[in-house]
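**Student:** So the chains spell out like this:
Protein chains: 2
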Amino acid sequence: AALAVVSAQAKPLSQEDISVAEVLRDRALESSDAYSLVESLTVEVGPRRAGTEGDRRAVAWALQKMKTLGFDRVYTEQIDVKRWHRGHAHAEVVAPFPQPLVVSSLGYSVPTPEGGLTAEIVEFADVEALTKASAKKVKGKIVFINRRMERARTGEGYGPAVQGRSKGMRIAAEKGAVALLLRSVGTDSDRFAHTGMMSIEGVENPVPALALSAPDANLLEAMLKRGKPVEVKLDVDNELLADGPSFNVIGEITGREKPEEVMIIGAHLDSWDEGTGALDDGAGVAIVLETARLIAELPSRPRRTLRVVLFGAEEIGLVGAKQYVEAHRSELDNIIAVSESDFGAGKVWRFDTRLPENKFDIADQMMQLLAPLGIERGNNNSHGGPDGSVFVAQGVPAFGLYQDGTDYFDFHHTPNDTLDKVDPENLKQNVAAWVVMSFLVAEMEGDLGRVPTEH
Amino acid sequence: AALAVVSAQAKPLSQEDISVAEVLRDRALESSDAYSLVESLTVEVGPRRAGTEGDRRAVAWALQKMKTLGFDRVYTEQIDVKRWHRGHAHAEVVAPFPQPLVVSSLGYSVPTPEGGLTAEIVEFADVEALTKASAKKVKGKIVFINRRMERARTGEGYGPAVQGRSKGMRIAAEKGAVALLLRSVGTDSDRFAHTGMMSIEGVENPVPALALSAPDANLLEAMLKRGKPVEVKLDVDNELLADGPSFNVIGEITGREKPEEVMIIGAHLDSWDEGTGALDDGAGVAIVLETARLIAELPSRPRRTLRVVLFGAEEIGLVGAKQYVEAHRSELDNIIAVSESDFGAGKVWRFDTRLPENKFDIADQMMQLLAPLGIERGNNNSHGGPDGSVFVAQGVPAFGLYQDGTDYFDFHHTPNDTLDKVDPENLKQNVAAWVVMSFLVAEMEGDLGRVPTEH
Ligand SMILES: [Zn+2]
Ligand SMILES: [Zn+2]
Ligand SMILES: [Zn+2]
Ligand SMILES: [Zn+2]
Numbered sequence: 001a002a003l004a005v006v007s008a009q010a011k012p013l014s015q016e017d018i019s020v021a022e023v024l025r026d027r028a029l030e031s032s033d034a035y036s037l038v039e040s041l042t043v044e045v046g047p048r049r050a051g052t053e054g055d056r057r058a059v060a061w062a063l064q065k066m067k068t069l070g071f072d073r074v075y076t077e078q079i080d081v082k083r084w085h086r087g088h089a090h091a092e093v094v095a096p097f098p099q100p101l102v103v104s105s106l107g108y109s110v111p112t113p114e115g116g117l118t119a120e121i122v123e124f125a126d127v128e129a130l131t132k133a134s135a136k137k138v139k140g141k142i143v144f145i146n147r148r149m150e151r152a153r154t155g156e157g158y159g160p161a162v163q164g165r166s167k168g169m170r171i172a173a174e175k176g177a178v179a180l181l182l183r184s185v186g187t188d189s190d191r192f193a194h195t196g197m198m199s200i201e202g203v204e205n206p207v208p209a210l211a212l213s214a215p216d217a218n219l220l221e222a223m224l225k226r227g228k229p230v231e232v233k234l235d236v237d238n239e240l241l242a243d244g245p246s247f248n249v250i251g252e253i254t255g256r257e258k259p260e261e262v263m264i265i266g267a268h269l270d271s272w273d274e275g276t277g278a279l280d281d282g283a284g285v286a287i288v289l290e291t292a293r294l295i296a297e298l299p300s301r302p303r304r305t306l307r308v309v310l311f312g313a314e315e316i317g318l319v320g321a322k323q324y325v326e327a328h329r330s331e332l333d334n335i336i337a338v339s340e341s342d343f344g345a346g347k348v349w350r351f352d353t354r355l356p357e358n359k360f361d362i363a364d365q366m367m368q369l370l371a372p373l374g375i376e377r378g379n380n381n382s383h384g385g386p387d388g389s390v391f392v393a394q395g396v397p398a399f400g401l402y403q404d405g406t407d408y409f410d411f412h413h414t415p416n417d418t419l420d421k422v423d424p425e426n427l428k429q430n431v432a433a434w435v436v437m438s439f440l441v442a443e444m445e446g447d448l449g450r451v452p453t454e455h
Numbered sequence: 456a457a458l459a460v461v462s463a464q465a466k467p468l469s470q471e472d473i474s475v476a477e478v479l480r481d482r483a484l485e486s487s488d489a490y491s492l493v494e495s496l497t498v499e500v501g502p503r504r505a506g507t508e509g510d511r512r513a514v515a516w517a518l519q520k521m522k523t524l525g526f527d528r529v530y531t532e533q534i535d536v537k538r539w540h541r542g543h544a545h546a547e548v549v550a551p552f553p554q555p556l557v558v559s560s561l562g563y564s565v566p567t568p569e570g571g572l573t574a575e576i577v578e579f580a581d582v583e584a585l586t587k588a589s590a591k592k593v594k595g596k597i598v599f600i601n602r603r604m605e606r607a608r609t610g611e612g613y614g615p616a617v618q619g620r621s622k623g624m625r626i627a628a629e630k631g632a633v634a635l636l637l638r639s640v641g642t643d644s645d646r647f648a649h650t651g652m653m654s655i656e657g658v659e660n661p662v663p664a665l666a667l668s669a670p671d672a673n674l675l676e677a678m679l680k681r682g683k684p685v686e687v688k689l690d691v692d693n694e695l696l697a698d699g700p701s702f703n704v705i706g707e708i709t710g711r712e713k714p715e716e717v718m719i720i721g722a723h724l725d726s727w728d729e730g731t732g733a734l735d736d737g738a739g740v741a742i743v744l745e746t747a748r749l750i751a752e753l754p755s756r757p758r759r760t761l762r763v764v765l766f767g768a769e770e771i772g773l774v775g776a777k778q779y780v781e782a783h784r785s786e787l788d789n790i791i792a793v794s795e796s797d798f799g800a801g802k803v804w805r806f807d808t809r810l811p812e813n814k815f816d817i818a819d820q821m822m823q824l825l826a827p828l829g830i831e832r833g834n835n836n837s838h839g840g841p842d843g844s845v846f847v848a849q850g851v852p853a854f855g856l857y858q859d860g861t862d863y864f865d866f867h868h869t870p871n872d873t874l875d876k877v878d879p880e881n882l883k884q885n886v887a888a889w890v891v892m893s894f895l896v897a898e899m900e901g902d903l904g905r906v907p908t909e910h
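Read top to bottom, the protein sequences are chains A and B.
By our numbering, the letter at position 117 of the first sequence is numbered 117, and the numbering carries on one by one without gaps.
Here our numbering = 1-based position in the second sequence + 455.
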């Protein structure tokens, strides 16, 4: 019994704090406010690609919402973003079987020449096969990368599949291709193309790059199997614009004892421009805002500052997070931990961390409150979310409340990312988990140390 | 025992015929040829709206396929169709929450004035509510009909929901509206608008008419709930063209004893123009062609002629069927029965008929072979399919192999009606049922009489 007492006393989270967290958790399960927030963002703002009018409206929306939610301080920090205009993108097979194709320009795709371009397509199983191909095979052709993505609860099919999107245009252009057609990085079989970011830095002669919907990639595949050359016409009207401003939008609940120590919880405010960004990342925005609102309603502030950062320009290369870390480099040691919600609106099923080994007991204590939500303890490899990973790379500890992403990539970066895909009950469960984690980190005694930095 | 023998002899279908039908059924279950046909039609032709280039290619495709499938006679019969060019259709909310909407022109929608039109929307629960509304409420506005369709295996939600599409524009125009926006007649929540036919005959001042995807109808609904006027801009560029030709494509297996008596099995060859028409009605085309091929491979022809009619221009008002019946009015008495497959590619689960009461025993005998396919006996109210109904109205008996349509209206008339929605195994089961029904009607002694005509 004496040993048990010692052991209980050694635990970093006090029973009182855990009791408060439990109350917060149960309030979260009763509240539909997170759903109202994502409804508001999708209805009143909708698409909000970084640097567009929609983005500006989203920033205004976030400031206005934060001001009503009980934050002590609400402000923006400007960032610089590469801007780009999406014009039309038409594609059609002209031979041997003329029919239209559904496509979407990848982010920053250059236009075709006025009047379009027509060329034969050449198929590659994946970006590795393209890399190995001779320039002779590719020159003057439209490269068609036809790699399928695997469905998984973890979304782990994304990493390998997204290589074609991020690197395909560069490699195709270097080998003299006239354009890239990419089977969408997605798990659905709906006639939506999945847009997304590609790397354009330093590409000397970029060529148009378009995602094909899965049924359209199937069509090209079936035509090619018939053995005759398949010719496709592309007509794309995009434009690279001058750099412009966007913003990280920030709300703080100021710590009562150690206001300079900060727990950052985040999501990204920007979205792609064809859907209304309900899953990516309206849900995340709603989850972290509602988490903060619940904590702000407590009779006293937590020990530390809880800072909600709605990152700008995540979709175009973690721009808001990178510029945030750059601007706040001298304060990084005071960021006690980071976590971002950016994987849709599925139920949280796993609790990952990135902590020094001697801090695992904190996570174990949190599990007391997370397990009843159907959450299991995961691994210590969390990257804290896409924007969070920029902090983790600097040694900031992270938490990861892993959502069920089984159908996330059915909708990701398509016009079909809309509010109806968000289950209000799942959102409550998310907030319940987030408020436990966020409150306990902001309130706990001691700190979480640093994690090894990545180079 | 004597009674049993008499009873057996009184049955209209002989045991030998039933045995042959059973062999055909089991061959159908082994063959993937129907899937190959719908694959070929969607890959090599794709969209084939009546009167377009795609329609012409579909007619050539059908003739060429029929010539390889063992028909005794293959021919076309010309029909006249109203032609129409689908241009772009853009819609966006301009106030209070600017964002784009996903829409599709309904068939024969007129364009907007050059540069588009902008007006406030006025919402109606359904076409009945619009009918009752004062012209004052509607004049100068964009009518928004916001009726949801119910999901059902039978598809019975379609009839009531489609009223808004068929009549909405006419009523809106008569009351002085400047356009119609219709919540899509569909059961999905994907960001696809469902196009389709509307009645334009005799509308003096037609206005642009567009379907909204379900998520976009939700958006308008949510904006209107906020109480401020919602203004929408439409920019539509369609064109009514001169009438032109299309074709019914017909293949016959000539009867060995009564070639002048004909069982018609059909599907429609045309499709809407945004998908590849895999479910509507590529699957039906494949099912009836494969049914005929299996029967053509028997060592002898059935007693009667089996005529496969691939109707043209079904989508724009059963045009091919109506002109067929008009052109063949004097031969209608020789059409012993009709049946059409036009409800996608789900499993057949119910066997309906439209027979004189004294012919029910034929259907009962067919059930011996259909029941093992998971098919139950339905009612005697079959209309023989959309095109089939034109024959039934003239007294021709009909059979209806009712498919499971639970998800049919998720895809119907959208870009998402593509090959991947067709389950090859379900198609085999369909052909198995069709070949039983088709062979036994073509082969049986006696006839099916006439059914009461409709007026
Ligand atoms: Zn995201
Ligand atoms: Zn994203
Ligand atoms: Zn149809
Ligand atoms: Zn149809």
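It is worth saying that the hints were derived from the structure and are not from the lab.
Take the hints with a grain of salt, since some may be wrong.
As the list claims (entries may be wrong) - In silico DSS-like links for lysine-lysine, alpha-carbon gap of 30 angstroms or less:
hint	chain 1	residue 1	chain 2	residue 2
1	A	Lys137	A	Lys67
2	A	Lys228	B	Lys537
3	B	Lys522	B	Lys802
4	B	Lys713	B	Lys688
5	B	Lys622	B	Lys522
6	A	Lys136	A	Lys67
7	B	Lys683	B	Lys466
8	A	Lys225	B	Lys522
9	A	Lys347	B	Lys680
10	A	Lys225	B	Lys466
11	A	Lys67	B	Lys680
12	A	Lys132	A	Lys67
13	B	Lys537	B	Lys622
14	A	Lys175	A	Lys228
15	B	Lys622	B	Lys592
16	B	Lys814	B	Lys802
17	A	Lys67	B	Lys683
18	B	Lys680	B	Lys522
**Student:** All the hints need checking, so say for each whether the structure fits it.
**Tutor:** We went through each hint and held it up to the structure:
{"no.": "1", "hint": "A:Lys137 with A:Lys67", "verdict": "violated (58 angstroms)"}
{"no.": "2", "hint": "A:Lys228 with B:Lys537", "verdict": "violated (35 angstroms)"}
{"no.": "3", "hint": "B:Lys522 with B:Lys802", "verdict": "holds (28 angstroms)"}
{"no.": "4", "hint": "B:Lys713 with B:Lys688", "verdict": "violated (62 angstroms)"}
{"no.": "5", "hint": "B:Lys622 with B:Lys522", "verdict": "violated (41 angstroms)"}
{"no.": "6", "hint": "A:Lys136 with A:Lys67", "verdict": "violated (60 angstroms)"}
{"no.": "7", "hint": "B:Lys683 with B:Lys466", "verdict": "violated (70 angstroms)"}
{"no.": "8", "hint": "A:Lys225 with B:Lys522", "verdict": "holds (23 angstroms)"}
{"no.": "9", "hint": "A:Lys347 with B:Lys680", "verdict": "holds (29 angstroms)"}
{"no.": "10", "hint": "A:Lys225 with B:Lys466", "verdict": "violated (51 angstroms)"}
{"no.": "11", "hint": "A:Lys67 with B:Lys680", "verdict": "holds (23 angstroms)"}
{"no.": "12", "hint": "A:Lys132 with A:Lys67", "verdict": "violated (54 angstroms)"}
{"no.": "13", "hint": "B:Lys537 with B:Lys622", "verdict": "holds (18 angstroms)"}
{"no.": "14", "hint": "A:Lys175 with A:Lys228", "verdict": "holds (23 angstroms)"}
{"no.": "15", "hint": "B:Lys622 with B:Lys592", "verdict": "holds (18 angstroms)"}
{"no.": "16", "hint": "B:Lys814 with B:Lys802", "verdict": "holds (26 angstroms)"}
{"no.": "17", "hint": "A:Lys67 with B:Lys683", "verdict": "holds (23 angstroms)"}
{"no.": "18", "hint": "B:Lys680 with B:Lys522", "verdict": "violated (59 angstroms)"}
When the structure is compared with the earlier hints, violations turn up for hints 1, 2, 4, 5, 6, 7, 10, 12, 18 and for no others.
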